[in-house]
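Visitor: Sequence:
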Amino acid sequence: KKIGVGQPKVLEDCKVLVANCQMDTDKIKIYGARVKVESFEAVAEIEKAEKDKMKAKVEKICKHGCNVFINRQLIYNYPDQLFKENKVMAIEHSDFDGSERLAAVLGA
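Counting from -8, one number per residue, gives the positions in the sequence shown under the working numbering.
Because the hints were derived from the structure by calculation, they are not lab data.
Don't take each hint at face value.
To be verified - Quick list of in silico lysine-lysine cross-link-like pairs, DSS-like style, CA-CA up to 25 Å:
| hint | residue 1 | residue 2 |
| --- | --- | --- |
| 1 | Lys(-7) | Lys42 |
| 2 | Lys78 | Lys51 |
| 3 | Lys51 | Lys39 |
| 4 | Lys(-7) | Lys46 |
| 5 | Lys42 | Lys27 |
| 6 | Lys0 | Lys54 |
| 7 | Lys27 | Lys75 |
| 8 | Lys48 | Lys6 |
| 9 | Lys78 | Lys27 |
| 10 | Lys54 | Lys(-7) |
| 11 | Lys54 | Lys27 |
| 12 | Lys78 | Lys39 |
| 13 | Lys0 | Lys75 |
| 14 | Lys(-7) | Lys75 |
| 15 | Lys78 | Lys6 |
| 16 | Lys39 | Lys0 |
| 17 | Lys0 | Lys51 |
The structure presented is a predicted model; accordingly, all values stated were derived computationally and were not measured.
Go ahead and model the full structure; you've got the sequences and the hints to work with.
Guide: In structure tokens:
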């Protein structure tokens, strides 16, 4: 339903990957979680670990050779930026029926 910021709006010879995976865990959800730490540096370390995990996840997706990534869930800014750097069009919030139809048409 929504193409990422700064990503191409038109592509030819597409290799599409349709997924339903969490792409919104690169930030600590301050209001949804409680973390006890000794210092702000510890919070920064946790955030860096989450960011590294998200980068690895995006790299793994990109290794499949797709240039269009359609996800049923929200895609935060950081993974969106990584997709842009890898020249992959990322589309978030596809509805369930649309994802099912795409998978059927694409032979997945």
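Visitor: Given the hint that Lys54 pairs with Lys27, test it: the Cα-Cα distance must not exceed 25 Å.
Guide: violated (36 Å)
Visitor: Does Lys(-7) pair with Lys42 here, judged by a C-alpha cut-off of 25 Å?
Guide: Given that 25 Å is the threshold and the Cα spacing comes to 23 Å, the pair holds.
Visitor: Next pair to validate is Lys39 with Lys0; report whether the Cα-Cα distance is within 25 Å.
Guide: Roughly 31 Å separates the two Cα atoms, so the pair is violated.
Visitor: Take a quick look at whether Lys27 and Lys75 sit within 25 Å of each other, Cα to Cα.
Guide: Violated - the C-alpha atoms of Lys75 and Lys27 are around 35 Å apart, more than 25 Å.
Visitor: Check whether the Cα positions of Lys0 and Lys51 lie no farther apart than 25 Å.
Guide: holds (23 Å)
Visitor: Between the alpha carbons of Lys51 and Lys39, is the straight-line distance 25 Å or under?
Guide: The given pair, whose Cα atoms are some 18 Å apart, holds under the 25 Å limit.
Visitor: Decide if the proposed pair is consistent with the structure: Lys78 and Lys51, CA atoms, cutoff 25 Å inclusive.
Guide: Status holds; Cα separation ~14 Å.
Visitor: Is it true that the CA of Lys(-7) sits at most 25 Å from the CA of Lys75?
Guide: Holds, because 14 Å separates the two Cα atoms, which is no more than 25 Å.
Visitor: Sort out whether Lys(-7) lies within 25 Å of Lys54, counting only the CA atoms.
Guide: holds (23 Å)
Visitor: Has the given pair, Lys0 with Lys54, been kept, meaning a C-alpha gap of at most 25 Å?
Guide: holds (22 Å)
Visitor: Quickly compare the C-alpha distance for Lys78 and Lys27 to 25 Å and report which way the hint goes.
Guide: It is violated: about 39 Å lies between the C-alpha atoms, which goes past 25 Å.
Visitor: Run the distance test for Lys78 versus Lys6: straight-line Cα separation, threshold 25 Å.
Guide: holds (12 Å)
Of the numbered hints given earlier, the model fails hints 7, 9, 11, 16; all others are met.
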